[in-house]
Amino acid sequence: MLEDRTGNELTGREVTASALRAALPLFIPAIPFGLVLGVAITDSAMPTAVAWSTNLVIFAGAAQLATVSLAATATWLTLVATAAVINLRHVMYSAALSPRFKDQPRWFRWLGPFLLIDQLFALTIVRTDTPGPQWRRFYLSAGIFYFVSWTTSVTIGLAVGSSIPTEWRLDVAPAVMFAGLVALGLTNRPGIVAAIVGAGVCLLALDVPNNGGILIGAISGVIAGCVADLALARRDHRPDATSGTP
Amino acid sequence: MNTPAAIAAVATVGMITYASRAGLIVFLADRPLPANVTRSLRYVGPAVLSALTVNLIAGGQGIDGVEFVEVAAIASAVIVAATVRNLIAALAAGMATLWLLLLLL
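For the protein sequence lines, the chains are A and B, in the order given. Here the numbering used here is used: the first residue of the first sequence is 9, the next is one more, and so on. Here the numbering used here is used: the first residue of the second sequence is 380, the next is one more, and so on.
Looking at chain A on its own, in the form it has when it is part of the complex:
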């Protein structure tokens, strides 16, 4: 935030405006994701209202999409475990942001994390010079904006999705979306190893009952990624490949 470096005190309204200006461009790529989720809700084996309530209760796109699309084939336990594993990346965000929350009021420390989606993390982690109260206002403004726009785009997807004929095969869209997310997130070789091993092991384990292959694949992928990370670090004579920021 340039405004902070000039030393001028921003009014609350200016902070909110700058939060919304920063938040909007990051939300645009999430719109098709929201629409896909809305369509997946119409296809879900869950009652529509319950599947829609994931917006208010979970508010995490990938975990929501997994929850509503796995309801048809997975047992309760597999569904919950898969969503839990998908959400593990939030622990990283939580760890990275916790210093910023240390001196914040208690209500914000409890409410703030609920809004902590990928985009909000990306926006707020870089604002290190922003004073605490302004940072809180920025965080809440962007977070509430994402919450409202996300729920809106999912609801639009839901309304549109029920009128699209099944021949369009929109049931494939969640898998395409997840594949795109994986490929977008792959920036280094250990990540590629983790993704290939995760997919390959899950393919071999498709006959494991209760969709257990997802977790077996995920665990194998994480182990393979860590092994590759350590091997690369050793080859490059670096003490630890994780020393950078996550």
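Since the hints were made in silico from the structure, they are not lab data. Don't take each hint at face value.
To be verified - Here are some chain A residues pointing at chain B (derived, C-beta under 8 angstroms):
id, residue
1, Ala-30
2, Leu-96
3, Ala-203
The beta-carbon is built from N, C-alpha and C at its ideal position, and this holds for glycine as well.
Mind docking chain B on chain A? Use the hints.
For chain B alone, kept in the frame of chain A given last:
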């Protein structure tokens, strides 16, 4: 999935999601994670999402549930995502491939 089971699943996933976001902020403020935990967490995303992609394609029918058109759609989405670095383009490419093949085959 019946209504009580669905409500229980959504509520549980909601609590787990909140816990994973809030845990370190609310309860363990400003305590760093060990390096090997950070390292493992970094590979959770690619590993679980790629496994989930395979599982959704199979649709609970094992390897027989995997259709050629689905694999082609996934492949083009991955290629576009990796080259163009844009999720909308990846989704569009995947679905366009799917629809084109469904028309042709």
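Each hint tested on the structure:
no., hint, in the structure
1, Ala-30, "19 angstroms, violated"
2, Leu-96, "5 angstroms, holds"
3, Ala-203, "4 angstroms, holds"
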